[in-house]
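Engineer: What follows is each chain in one-letter form.
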Amino acid sequence: MGETLRNIGTRARRVDALEKVTGRARYVDDLELVGMLHLKALTSAHAHAELLSIDTRAAESMPGVFAVVTGKDVPGENQIGVQIADQPLLASGKVRQMSDRIALVAADTAEHAEAAVRAIKVEYRPLPVITHTDEALAPGAVKIHENGNVMTKKQVIRGDVEQGFAAAAAIVEDVYEVNYQEHAYLEPNGCIAIPEPDGGVTIHASAQAPFYIQKAVARVLGVDYARVRVIQATTGGGFGGKEDYPSEPSACAAVLAMRTGRPVKFVYDRAQDLAWSTKRHRMKVTNKIGADGEGRITAAQVRIDCDAGGYTGLSAIVSERSNSTAFGPYRTPTARVDTYVVYTNNLFGGAYRGFGTPQTTFAMEAQMDELAARLGLSPAEIRRRNILGPGDETTTCQKLTESVPGIETFEAALARSGYEQKRREFEAFNQTSRWLKKGIGIGACMYGGGLHAGGQFLEGSGALVHLRPDGSVLVSIGGTELGQGAFTVAAQCAAETLGVALEHVRVTPSSTDFVTDSGPTVASRTTVMSGNAVIDAARQLKGRILEAACELYGVPADEIELREGQVLKRDGTRLGSLKELANTAFAVKKVNLSAQGWYAPPRKTWDNARGNGDAYSSYCFAMQVAEVEVDLRSGRTRVVRVTAAHDVGQVINRTLIEGQIEGGVVQGVGYALMEDLKLDQGRCLNPSFTDYLIPTTLDVPEVDIVLIEQPHSAGPFGAKGIGEPSLIPAAAAVANAVSEAVGYRFRRLPLTPERVLMSLEEAGKLR
Amino acid sequence: MNLEEITLKINGAVRSAPMPSAIRLVDALRRLGYTGTKEGCGEGECGACTVLLDGRPVNSCLLFAKQVQGKEIVTVEGVGRGHPDGMHPFQKALVAAGGVQCGFCTPGVVVTGAHLCDTRPQASVQEIKEALAGNLCRCTGYAKIVEAVQVAVAELGKQS
Numbered sequence: 000m001g002e003t004l005r006n007i008g009t010r011a012r013r014v015d016a017l018e019k020v021t022g023r024a025r026y027v028d029d030l031e032l033v034g035m036l037h038l039k040a041l042t043s044a045h046a047h048a049e050l051l052s053i054d055t056r057a058a059e060s061m062p063g064v065f066a067v068v069t070g071k072d073v074p075g076e077n078q079i080g081v082q083i084a085d086q087p088l089l090a091s092g093k094v095r096q097m098s099d100r101i102a103l104v105a106a107d108t109a110e111h112a113e114a115a116v117r118a119i120k121v122e123y124r125p126l127p128v129i130t131h132t133d134e135a136l137a138p139g140a141v142k143i144h145e146n147g148n149v150m151t152k153k154q155v156i157r158g159d160v161e162q163g164f165a166a167a168a169a170i171v172e173d174v175y176e177v178n179y180q181e182h183a184y185l186e187p188n189g190c191i192a193i194p195e196p197d198g199g200v201t202i203h204a205s206a207q208a209p210f211y212i213q214k215a216v217a218r219v220l221g222v223d224y225a226r227v228r229v230i231q232a233t234t235g236g237g238f239g240g241k242e243d244y245p246s247e248p249s250a251c252a253a254v255l256a257m258r259t260g261r262p263v264k265f266v267y268d269r270a271q272d273l274a275w276s277t278k279r280h281r282m283k284v285t286n287k288i289g290a291d292g293e294g295r296i297t298a299a300q301v302r303i304d305c306d307a308g309g310y311t312g313l314s315a316i317v318s319e320r321s322n323s324t325a326f327g328p329y330r331t332p333t334a335r336v337d338t339y340v341v342y343t344n345n346l347f348g349g350a351y352r353g354f355g356t357p358q359t360t361f362a363m364e365a366q367m368d369e370l371a372a373r374l375g376l377s378p379a380e381i382r383r384r385n386i387l388g389p390g391d392e393t394t395t396c397q398k399l400t401e402s403v404p405g406i407e408t409f410e411a412a413l414a415r416s417g418y419e420q421k422r423r424e425f426e427a428f429n430q431t432s433r434w435l436k437k438g439i440g441i442g443a444c445m446y447g448g449g450l451h452a453g454g455q456f457l458e459g460s461g462a463l464v465h466l467r468p469d470g471s472v473l474v475s476i477g478g479t480e481l482g483q484g485a486f487t488v489a490a491q492c493a494a495e496t497l498g499v500a501l502e503h504v505r506v507t508p509s510s511t512d513f514v515t516d517s518g519p520t521v522a523s524r525t526t527v528m529s530g531n532a533v534i535d536a537a538r539q540l541k542g543r544i545l546e547a548a549c550e551l552y553g554v555p556a557d558e559i560e561l562r563e564g565q566v567l568k569r570d571g572t573r574l575g576s577l578k579e580l581a582n583t584a585f586a587v588k589k590v591n592l593s594a595q596g597w598y599a600p601p602r603k604t605w606d607n608a609r610g611n612g613d614a615y616s617s618y619c620f621a622m623q624v625a626e627v628e629v630d631l632r633s634g635r636t637r638v639v640r641v642t643a644a645h646d647v648g649q650v651i652n653r654t655l656i657e658g659q660i661e662g663g664v665v666q667g668v669g670y671a672l673m674e675d676l677k678l679d680q681g682r683c684l685n686p687s688f689t690d691y692l693i694p695t696t697l698d699v700p701e702v703d704i705v706l707i708e709q710p711h712s713a714g715p716f717g718a719k720g721i722g723e724p725s726l727i728p729a730a731a732a733v734a735n736a737v738s739e740a741v742g743y744r745f746r747r748l749p750l751t752p753e754r755v756l757m758s759l760e761e762a763g764k765l766r
Numbered sequence: 000m001n002l003e004e005i006t007l008k009i010n011g012a013v014r015s016a017p018m019p020s021a022i023r024l025v026d027a028l029r030r031l032g033y034t035g036t037k038e039g040c041g042e043g044e045c046g047a048c049t050v051l052l053d054g055r056p057v058n059s060c061l062l063f064a065k066q067v068q069g070k071e072i073v074t075v076e077g078v079g080r081g082h083p084d085g086m087h088p089f090q091k092a093l094v095a096a097g098g099v100q101c102g103f104c105t106p107g108v109v110v111t112g113a114h115l116c117d118t119r120p121q122a123s124v125q126e127i128k129e130a131l132a133g134n135l136c137r138c139t140g141y142a143k144i145v146e147a148v149q150v151a152v153a154e155l156g157k158q159s
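Order-wise, the sequence lines are chains A and B. In terms of numbering that gives the first Met the number 0, the first sequence opens at residue 0 and continues consecutively. In terms of numbering that gives the first Met the number 0, the second sequence opens at residue 0 and continues consecutively.
Isolated chain B (complex conformation):
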């Protein structure tokens, strides 16, 4: 197996390690200790591995780590940076609303949901659902996740 130095910008820090050249982004992140990012299906259907790439949500199981060197990656561990207690209002809202059960889809939901709150605070319920349609959750039935987005958007509105 060919190893090469892979260097990634993750949550504002530069991290690097020798890895197989064809390693997927999800595996590279996990090897570097960012185990919050989960693999649920490996084919871009479930969204558990969602991270932000230059500010856009992507499935990290569908990208090679090599492809994204130099780009800004944000994982669930970094979503709360710059917010009080290190938690994004959407994370807090998800806890309060009860939008967490087994938690395995949660990192992906957090990344998608926080990004939605930050970029489209005017989103309607239908638009919230569309934005989260790529994040499968088998536990909650989604109601409390959608509710959490609405609560967080309101909270962010108050802060600004």
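With the rest of the complex left out, here is chain A:
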């Protein structure tokens, strides 16, 4: 190495920017095909009921209707459960959440399909609706599934937590509850299924995980994986919401495409998307922390009740991340975690950026402030004394060895924000200001990059790289582009490794036909996984063409360098162009100019019974400081500034990293302050952007970013993931700032003006 990086650490323009600003980018609803049908679904009228009868006769004879199907018409297995087979594609016998599908209609127009859906008659026998995990766990509660309401139980046991508490000088214990968060990607779910002449099917979908869709479609159709091709359409945001969920609409469209022999489009409107798709889980977190007189944690205990909704989906996996990293970036000499994943008849919990950790982080960070107050320390000082460093063990007894800049990241956030000084200033300000109160708060997180040890069967990612005889490069990755910039990072990795100019690298839409199952684009893993896979493929190609160059130019391969499309000697003498070399390698030397790359991290060991082991391959730190102003007349909070310090290993693309952090912080601010799904008997009452508010330009703080670069040897050029750590600490920081501003500890999210005013009123703080 030692060479200058030309395409890494830059502000390279996104490879898909031009098509997106001109309106040319092709999303799934922009595709029209001859003879295409439109699909509409009938969903349940009850959150919990026995299904007595479905009468589709009237619907079948409606104008334009090609097919009406129910559970009995699914050609393969009527099952969509990604981890546990507890979720039928189309309801059979019972419904367990409002989004359960009863029947599907395919018609020549969306209007005809909608009219036919309304003509389907269904008889139900309603059952008691379970609307909270406490109800689900109460003795004698109605069972949502035959095996009861506890889907799974997980734990982490580290040392003797009772001994740890016995050694504590101060203990804080409290219950925190957080509501759902909706992903609110701007493009609702959508897909098109096209029947193939050979009995297979092609799916174009707005999706994060084409390989999940492939498996789900093969299962419901009863066909080989090899007959199911899934192509990712340009995808208008995902944030986890398009990890597992798109398998459902895709499987529906596939069933009807096979039944009718026509292409079938299934695109949701906003209300459907909000009501049917997965959400960030509601959680109840009971957190107990003990520390010695110096503020060093001696014991940490937490019970997590995760509201999964009616089916398993990814909840068992999401809660494993809550379970394994419940205590954030802190040393926990003794610890105990008990995580209950519980069925209810509420909305369907699933993957959302942060994957079960924004909830536990909110609780833990509030507890750190409470503990600090108890011990007379500043919130900064108590964290400083507990942040994990190199050589320390995590709660799951994993030793941290490489790239562990927790304290560096933390101190950078404090210094940049002027935390201590501002805290004093705000305290003085609040003494004299009656209605406007200022606060500053810290949120801290340590995030495990990539999939948990329990999910490593999905680990590993592929890439296909072609060097064309004109010196241009075509890249396909197993990861997907959701807006985060994965394709641009892939192009940069290829350009850097092959010494080709970035504008001559093209990244094709991801397809299951190009690479081996690469798992989902989640867990902040795609830069590392797909980036390394691209580098692996590009290095193979480089080796082959350097061998050809050696013969062509009579120079030893190790003295040849490829740079920006030129072939150079180490001393800078130009030997020729990459174009000439590629063409000769292909035309004369018959070199294979295509290569498959692959990357998989080393196997992790995990003891499920004790929750001990190498939970994740590597960790990154995210430390954020939020400054807020709370108006006690309206209850409204304005977040003025968030200082976000992030440990990123190595910057690949500075503009993209900033974009991830700015966007992640703002989603966290929405989670903290305004995003509030309301439910009644399992039904979502506000499935619209009119009633479910996400931040606009007028709600966002200034985001001040500090990047800490301590390369990790397993990352491409040393990079670590950033997608989720950008969001995780934000809500905790904002909530701590609000609590400090008004002198009252909030233990629920979101902190809407109503909640702030009512809580303060109840606490007698408004007099």
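Hints are computed from structural coordinates only; laboratory data are not their basis. Each hint should be verified, as a subset may be incorrect.
To be verified - Capping the alpha-carbon separation at 25 Å, the derived lysine to any residue pairs in SDA-like fashion look like this:
#	chain 1	residue 1	chain 2	residue 2
1	A	Lys603	A	Glu426
2	B	Lys128	A	Lys603
3	A	Lys436	A	Glu426
4	B	Lys8	A	Leu30
5	A	Lys93	A	Leu126
6	B	Lys128	A	Arg653
7	B	Lys128	A	Arg124
8	B	Lys8	A	Arg23
9	B	Lys128	A	Asp703
10	A	Lys677	B	Ala21
11	B	Lys65	B	Pro120
12	B	Lys128	A	Gly634
13	A	Lys93	A	Leu30
14	A	Lys71	A	Arg23
What the hints assert, rightly or not - From the structure, some residues in chain A lie toward chain B, with a derived Cβ separation under 10 Å:
#	residue
15	Arg25
16	Thr69
17	Asp72
18	Pro74
19	Leu185
20	Glu195
21	Ser687
These figures come from a predicted structure and were not determined experimentally. Heads up, the beta-carbon is just placed ideally off N, CA and C, and yes, glycines get one too.
Chain B: place on chain A using the hints.
Structural biologist: Same frame as chain A, but now just chain B:
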């Protein structure tokens, strides 16, 4: 369903086709091939469907196509007309600043933002934010979109 000939003036061209009489403008535009205009919510909250109607930004999901026959419509495909490379300086600035991620809100942002640059070059940061408050973006946190407006305004100032 009653079909009738709907005729629209889009980006300087006259386009027409038989369509349901109650078709919304967003659907009519998309049927006529102007698929850059996106529907994100269908109730005028997200702004992904923003187009210019006689020079003013509107939500095309809240209008019937019939209502706007004879009026000048500009979509994302037409914002760059008359500019070098067929791109409005705001489009270029959005690319350079990194104000694009998933891209689904982008057509609406482009229409609103370009109109703002053209009509209110003196707008303050607060006024820029107010002008863009009807365009929801879930990816970027808006910082780079606001920055792009400032860059484009400066560029337009240099051109004139």
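Engineer: Hints the structure violates: just list their numbers, smallest first.
Structural biologist: When the structure is compared with the hints, numbers 1, 2, 7, 10, 11, 13, 14, 16, 17, 18 and 20 turn out to be violated.
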